[in-house]
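Peer 1: Protein chains in written order, with the working numbering: chain A, 1 to 191; chain P, 1 to 460; chain B, 1 to 205; chain F, 1 to 224; chain D, 1 to 281; chain V, 1 to 349.
Just so you know, the hints here were simulated from the structure itself, not pulled from any lab data.
Everything numeric in this text was worked out from a predicted model, so none of it was measured.
Hints may be right or wrong, so weigh each one.
Pulled from the structure, derived: some chain A residues nowhere near chain B, Cβ distances all over 10 Å [to be verified]:
1. L3
2. F61
3. L189
Quick list of in silico lysine-lysine cross-link-like pairs, DSBU-like style, CA-CA up to 30 Å [unchecked claim]:
4. P:K82 <-> D:K219
5. V:K66 <-> B:K199
6. D:K245 <-> P:K445
7. A:K158 <-> P:K411
8. A:K158 <-> V:K302
9. D:K151 <-> P:K454
10. D:K219 <-> P:K411
11. V:K66 <-> P:K454
12. B:K202 <-> D:K151
13. D:K206 <-> D:K151
Pairwise CB distance ranges (calculated) [said to hold, decoys possible]:
14. P:E406 <-> B:L4: 17 to 27 Å
15. D:E265 <-> P:Q46: 58 to 68 Å
16. F:I9 <-> A:T69: 18 to 28 Å
We treat Cβ as the ideally placed atom computed from N, Cα and C, and that holds for glycine.
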Amino acid sequence: MELAKIFLVALLVNNVVLMRFLALCSYVGMTNDVGQSVGMGFAVTFVTVLATAATWPIYNFVLVPLGLTFLKILVFILVIASLVQLVEFYLKKNIPGLYAAMGIYLPLITTNCAILAVTFENIDYGYSFIESIVYAVGVSLGYLLAMVLLAGVRDRMKTSPVPKFLQGTPILFVASSLLGVAFMGFSGLIK
Amino acid sequence: MAVKTFKGGAHPPERKERSSGLAILRLREVKLVVVPVNQHFGAPLQPLVKVGDNVKRGQKIADAEGRMTVPVHAPIAGVVKKIEPRTQSNNSEGPCIVIEALPPPAEGQPALAPEELVDFMPPLDPFACSKEEALARVRAAGIVGMGGAGFPAHVKLAPSKPIAVVIANGAECEPFLTIDERSLIERADDVVEGVAITMKIVNAPEGVIAVEENKVHAVPLLEKAIAASPRTRAGMKIRVQLLKTKYPQGGEKMLITAITGKEVPSGGLPMDVGCVVQNIGTLLAMVDAFKEGKPLIERGLTISGGACTKPANVVAPIGTPVADIIAAGLAQVDEEKLGMVIYGGPMMGVAVPNYQIPVQKNTSGVLLLDTVEAKHYDEETCIRCGRCMRACSCRLSPALLAVAVEAGDYKEAEKIGLLDCIECGTCSFVCPSHRHLVQRFRVGKQILRALKQKEAQNAR
Amino acid sequence: MKSLWKTFKQGIIYENPLLMLMIGLCSALAVTSSVANGLGMGLAMTFVLLFSEIVISLFRKVIPNSVRIPIFIIIIAAFTTMVDLVMKAYFPDLSKSMGVFIPLIVVNCIIMGRVEAFASKQKLMPAIFDSLGMGLGYTWVMIAISAVRELLGNGSLAGIPVMPASYQPILFFILPPGGFLVFGLFISFNIWLKGRMEKTAKERA
Amino acid sequence: MKGTLKLGIALALFAVGACAGLAVVYSITKPQIEAQDQLALEASLRDLFPQGEDFEDISATISSANAGVNISSAFLAKRGGAPLGLAVKAAGPSYGGQAVLLVGVELNRSIAGVRILELNDTAGLGANAKNPGYYVDKANKVTFPGQFAGKFVTDPFVVKSDVVAITASTITSNSLTTIVKAAADAGVLWLENSALAPSADQGSAASYGGSAASESAPETTGGK
Amino acid sequence: MSVILITMLFAAILAFVLGIALGFFQKKFHVERDPKIDEVRAALPGANCGGCGFPGCDGYAEAVATGRAPTTKCSAGGASTAEAVSKIMGVDAAAEDLVTVLLCQGTKDLAVSKGDYVGIKTCRAAKLSTGGVKACSWGCQGLGDCVAVCKFDALEMGDDGLPHVNYENCTGCGMCVEECPQKLFTLVPRGKKGSIVLCSNRNVIKANVIKTCKTGCIKCEICVKQCPEKCIAMVNGIPVTDYDKCTSCGVCVQKCPTHAYKLLETDVMGEKKKVPVLVEA
Amino acid sequence: MPAKGMLLSSSPHSFTPVSTPRIMLSVLIALVPASAYGVYLYGFSALALILVTMASAAAAEFVFRKLIKASTTVSDFSALVTGLLLALTLPPSTPLWMGALGAVFAIVVAKEFFGGLGANPFNPALIGRAFLLMSFPAAMTTWTLPQGLIVGPDAISSLSLAQGAVDTVTAVTPLGLVKSGKTLADVGTYLGTHSDGELLKQLFLGYHSGSLGESSILLITLGGLFLLGIGVIQWIIPVAVLASTFLFSWVLGMNPVFSLFTGGIAFGAFFMATDYATRPLTPKGQILFGIGIGLITAVIRKFGGFPEGVTYAILIMNIATPFLNKMRVKKYGFVPPVKPAKPSKEAAR
Ligand SMILES: Cc1cc2nc3c(=O)[nH]c(=O)nc-3n(C[C@H](O)[C@H](O)[C@H](O)COP(=O)(O)O)c2cc1C
Ligand SMILES: Cc1cc2nc3c(=O)[nH]c(=O)nc-3n(C[C@H](O)[C@H](O)[C@H](O)COP(=O)(O)O)c2cc1C
Ligand SMILES: Cc1cc2nc3c(=O)[nH]c(=O)nc-3n(C[C@H](O)[C@H](O)[C@H](O)COP(=O)(O)O)c2cc1C
Ligand SMILES: Cc1cc2nc3c(=O)[nH]c(=O)nc-3n(C[C@H](O)[C@H](O)[C@H](O)CO)c2cc1C
Ligand code: SF4
Ligand code: SF4
Ligand code: SF4
Ligand code: SF4
Ligand code: FES
């Protein structure tokens, strides 16, 4: 139950993108079409879970005993960056099919702030390992959801006569605003 | 009799009352005809005559090798004056053979003997000859589908699949047009005979003459003709089927679905579901070709529309400029009120700049709309009311299809059925925002086909 | 000097990281519900940007190319952690209300972008001016956005009530959707502004 | 391999340099940061019990009867060795997530006061609970947490009845009230168990629930 | 102090290990990719205009590097880019700097319109549904498909109902040539000299042309007869200049009764471009 | 021969007389009974709110389109529909300026920013309502008693409502009562009815407080049936919404009939879930759309932070619309794509 709650809150109530403004760069950049946004979403999910699985033990079994918790930022970002690199190398060499589908998104992920935020929050909220993983999945699927939804709206806007001064990025933010208004409906759903 | 129909469609104002009671008139005196060389759906033809040549009525004046070609014949006896590009009824310029009628014999000179004026083929009994002979005759007579598309009839009559039903398309669902209706009434026997000939050629066990409810008065005549026909007495099964009055009931796919309950598969042909559909005009042309050896050199058409003060159903030689039919007094037009000229019906016909353009093999009507009827609208944004989707006779999603085409997403457009659209125009008719849907689909199809061709080339 | 000034100006408007390059957006939306937050975040960013650019520009010749990214990350992370620690120590309230966004400076695309594109190739002085331009360009937008949001959504500016007492704050603006909307309109405004300036520049030329 | 080694060394050098600087900053700010939380807590404690001189940490011996509310720590406020009251730090869910309150309980089982340490509810709505300028009783300038001061644990604690709600924030009001009530109950129970508060004759059965704890007399070794 | 030491030690170890690991993996998982692709890509302007016929600059770069495409296809970059790319690929190419020329002068006033067109406002749609809005079946529809497709702001729809080329901006990418349903554009080298007929009407009947357009080529063949170099010939109903012989003497331009003939260097691309002149009589 | 230019156009050359203004006008007409009843219940101020909101919506559209130099579209009446619908979903006591602000937001941000009529991905009126609810939660959850509905002081105190509160709650809606933990019987007591049947009847007829236009299920249904009858809306969405609300309320342990007779569900089902621009176009999509609305409404009512969730349910399903539109009917003559008939391994060998 507790896990389900963590998951749902991360997915809907506190949606990373729409309610917490994380990972906006890729949200704006990678939602040109639905397929692309799904690809990016799964790539992020994959890396987020991997990053959580890597940073949680490092923090609790290395940094805490050594009294080096203040190196959290540095260590985490390094770990994530290296992870992404390794994954990229690995995919390129061994699973080229998947790399072709996902590889182009990987470099963008290093600087995706949602992933780093999740790893920090796992520590800040004092989640256990399992909880951290669930949280990571919830957040990144929330990201995927927001990406796909925006891609859907964008698809529709491709042929609509949006006023000139809003064309391009501005209207994306207006659309996100209204997506956020709708998502407000989930607020208070889980107390 | 159960009244059958299909799902979707619309009810544009019929306006048939203006001409449905008028007997077919025949245009006899023609001074000049402009015969487009290419009047069929298929490879282009070569003229067989030169400027200055004398031609007889019914003489072949253009032809070419190839399965999908159909010859063209001289509609009148006369002299070839010019062979030059002229505007045709599809608005494009194409080579036309201009023939001037022979002047009436000068004073004291004897009139020319009929053999010198007319060049018909010998009659042929379709029930006695072989299938090949019959098909050769159909081609030699220059018969193409007269319901609109101009598809070579001899190709359609040689299907590669067994045929269960021959359908005579008497739906005539286009508003204003009444020529098929008049033909059903005035030449019921020949219609039945035409169906029988078709059944014989394609070896079909059943024939159906399909008419919309608004022509229900033709049914008794047809039934009488069926009963009296030597063919049915000889055991051929022919019946009449009433259909709901609804546009586009006459589209062959809709017709087949209404009558047989089957759907022509996407990208397929009627023969895939064991059907052959023939327009009434086509049937009559076949009867003439066999009985009299007369090639397709004249056709019936309706002249009507708000600016047409005297509408008419006429039979005129192919190539006659419509203006000449009017000048001959068969129909009248009020120039003041005239706002639009359409060759064909208001739903699928082509708007042309004037009515000088000649009658062609597929011209089923010429509409002279007044300025009120001619009102067209600039499109507004789609309000997504969904009317087009409910009306589409092919159950496509015109609103979504239009979005895909507009966005240039031809892959998606093809997936959701761009190439399945039969361009019936129902969607544009029902759209409260007056979206130019069909036009968009036509352009889209053109581009999509070009893209596919390119792709195929690249693949090679 | 002139070119330094130009470098500085680039970041403020023409290549404003938020409005034109559209990078580093997350914090711009997340913490701009009040002017204090916006200002704090802006300054924190500027600090990290400035020192990262300085250090990297100084060491640009000794950093091996194939590990330059990890090294940049280390340097940026170090400065980010410093800011985080300092904020926690001396501005605990501010630090709390900005939450995870201070540590996230480390992945802020602006910093990585500038470091990679500018500092690693340029001398110290231009790097300093670039970082200041970018940092202040970021900061002014942060302040402007937060001012609008706080004014409409809370009736105050930097915590000081400025609207008449009868003013009913429109909470929408300090809630997340309000952030998106205001930011969208800001971008639109900046595009217009840039167009205007380019036009006048062209006319003058 | 040699090249790889060189890269490792270069990276290590930079890391060492960066971390050295970082460690220095850390050493300087560390005491300040640690003091921060303590200071805040202490300020709140003193705010609740102005006469309190020292605060004994009794966190280990107190627990909440309400499963939804978690008591993270508690302090016994003393003046000259004599207990004044109990401050209970309790956390529970509210509209926007975890809310943390500090609830002061007098020996007479009334509430000394409530301080909101953490609340993430919507600004302008639930967050008004921690807004010192937001009054639920405008006439008397009573804030939402302020209204609890002087209430007895035996009161009903029902929002919109004896507890005034924050406008349009019933959920926040309910949650906070629940936390206050749970903290206060736990506090009173502790007081009763440690025999610091006369057990109320008319006290609810719940008050007597955890009698086993009565053995554990409060340790008198000073907290700080 | 100990904190600082531990930190440094930790950092040293961590970074060292990471560095080695990275280096190691980079080698182990290295995938060969032709460095030429990146080189070519770097030499391209990055406009992603599609003028080369490939999906963006990346696609073209790969095609060039793998030898599937010639080095001169990038029209956005022009000659300099072609040179650079050729250098990388080790071939030499003298890329021509092309620009586009509109082969129609049928402005609203000069060319007769066929009727009032209502429908989708694109040339392609108008052509398909009505055979064109002008009485001349070959003329410009004036609905600006070419303007819409030009990525370089080189075309602008004039008030006269014809697109006007801005020769400063035109890169000769050929998108307009592709797009125009009437095939009214042709690419010529920038600065090309010689005469050209700005009409595409292939109807060989003089009367038909006169009826439809006042500046159309009426097939009088005066140009063919008058050209002192004898370099003009009628091809498929249109006079065509042989540029190897043409001396830009301008006789054809002067003699053409409908002013359909023009000189490329002055009337088309020159400083003072000439507006089509109305034909009297 | 025609001397003047003929009209040239692509076929068809015949057009339906149904036009956008006509459609919008019929929606306005269908809303007359519910609006009139609202005015009857809450008096002149309700009329003022309706008029101000409609006028602001129309004015906002006019001014905005003037500013961006686009064609004027006020004459298609869609802005008036949005304005009226917004007014009808607001509490009767909403200050006029708030109604105006909501209408302006609805029209400008939710509609015109996206390109105007038909292009908006979200229901403008509901965005307007959600915007107001977010911005002024207090005002938007303050309800007034209908004129003449006498709720005994006993009833109020027995439910311990409004006591001590500084911002006095003048009334509660049935859903509000249920949300605060009351039973149906309590609602009955509050409304002065004596049996469940009588309560449901009163709810159906619409004698209780709530948003301006949502009270009388009877009149709303009449309006809805009118729209159905003239073919402006189709039955799929309303039926799917109402049926699924019934079902899911029941599953979640709420009285299903009560769920249909309270709050904005009927109003939403007939007038707002059917909004052309924001609902899916395909029948299958519409069924799922309706079911989604019913489900989310029931979930929010049961577990959510608000007593009523129709607004959010519709808005959330609006987001799903582009995806639901992919659920098309099989086109005429659809042939399932032949799977590259398992390139059988034997054959390969
Ligand atoms: C939308 C639509 C409507 C049509 N309506 C008729 C019609 O009313 N009568 C008719 O004979 N053919 C009509 N046709 C043509 C028929 O589909 C079919 O091509 C014709 O009946 C075949 O006969 P034919 O080859 O003899 O012309 C219509 C076609 C379409 C696409
Ligand atoms: C954007 C938004 C934020 C909200 N935030 C809170 C909140 O922080 N606390 C709360 O109790 N209710 C919050 N609500 C809930 C509403 O105010 C809701 O109407 C409330 O449950 C009804 O409360 P009432 O019974 O006090 O009027 C929020 C609603 C919205 C739309
Ligand atoms: C179409 C429509 C949608 C509505 N949506 C909501 C909603 O999402 N949230 C809400 O609180 N009230 C909504 N309302 C208003 C409520 O239905 C109504 O007034 C309800 O009983 C809520 O009152 P309460 O908040 O006092 O319980 C809506 C009204 C209509 C007509
Ligand atoms: C059946 C029907 C329902 C409508 N419902 C709404 C609605 O819920 N909200 C709204 O703003 N407009 C509504 N409109 C008006 C119009 O469609 C709306 O302004 C468009 O969403 C604007 O693009 C409706 C119109 C019709 C025909
Ligand atoms: S989409 Fe095609 S088939 Fe369907 S109604 Fe429109 S024109 Fe007819
Ligand atoms: S009928 Fe017209 S307005 Fe309605 S959905 Fe179709 S295209 Fe859009
Ligand atoms: S030149 Fe061609 S594409 Fe351009 S406006 Fe004329 S017809 Fe259209
Ligand atoms: S005018 Fe034509 S050739 Fe020139 S840049 Fe534009 S599209 Fe390319
Ligand atoms: S700052 Fe770029 S993704 Fe967050």
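Peer 1: State for each hint whether it applies.
Peer 2: Hint check results:
At roughly 22 Å from the closest C-beta of chain B, the C-beta of L3 of chain A stays outside 10 Å, upholding its exclusion from the interface. Look at F61 of chain A: its CB is around 21 Å from the nearest CB on chain B, clear of 10 Å, so calling it non-interface holds up. Its beta-carbon lying about 16 Å from the closest one in chain B, L189 of chain A satisfies the requirement of being farther than 10 Å from that chain. For the hint pairing K82 of chain P with K219 of chain D, the CA-to-CA distance comes to about 18 Å; that is within 30 Å, so the pair holds.
Restraint check for K66 of chain V and K199 of chain B: satisfied, since their Cα atoms lie roughly 24 Å apart, inside the 30 Å limit. Restraint check: the Cα-Cα separation between K245 of chain D and K445 of chain P comes to about 44 Å, which exceeds 30 Å; the hinted pair is violated. Under the criterion of a C-alpha separation no larger than 30 Å, the hint pairing K158 of chain A with K411 of chain P is consistent with the structure, at around 16 Å. With a CA separation close to 38 Å, the supplied pair K158 of chain A and K302 of chain V exceeds the 30 Å bound.
Between K151 of chain D and K454 of chain P, the direct Cα distance comes to roughly 23 Å. Compliance with the 30 Å bound is thereby established for this hinted pair. Distance check on the hinted pair: K219 of chain D and K411 of chain P sit about 45 Å apart at the alpha-carbon level, beyond 30 Å; violated. Taken as a hint, the K66 of chain V and K454 of chain P pair is broken in the structure, with Cα atoms around 45 Å apart against an allowance of 30 Å. Annotation: proposed proximity of K202 of chain B to K151 of chain D holds, straight-line Cα distance about 20 Å (limit 30 Å).
Taking the CA atoms of K206 of chain D and K151 of chain D, the gap is near 38 Å; set against the 30 Å cutoff, the hint is violated. For the pair E406 of chain P and L4 of chain B, the supplied restraint of 17 to 27 Å is violated, since their beta-carbon distance comes to about 49 Å. The hinted window of 58 to 68 Å between E265 of chain D and Q46 of chain P is violated, with their beta carbons roughly 43 Å apart. The hint said 18 to 28 Å for the Cβ distance between I9 of chain F and T69 of chain A, and at roughly 27 Å that hint holds.
The earlier numbered hints that this structure contradicts are 6, 8, 10, 11, 13, 14 and 15.
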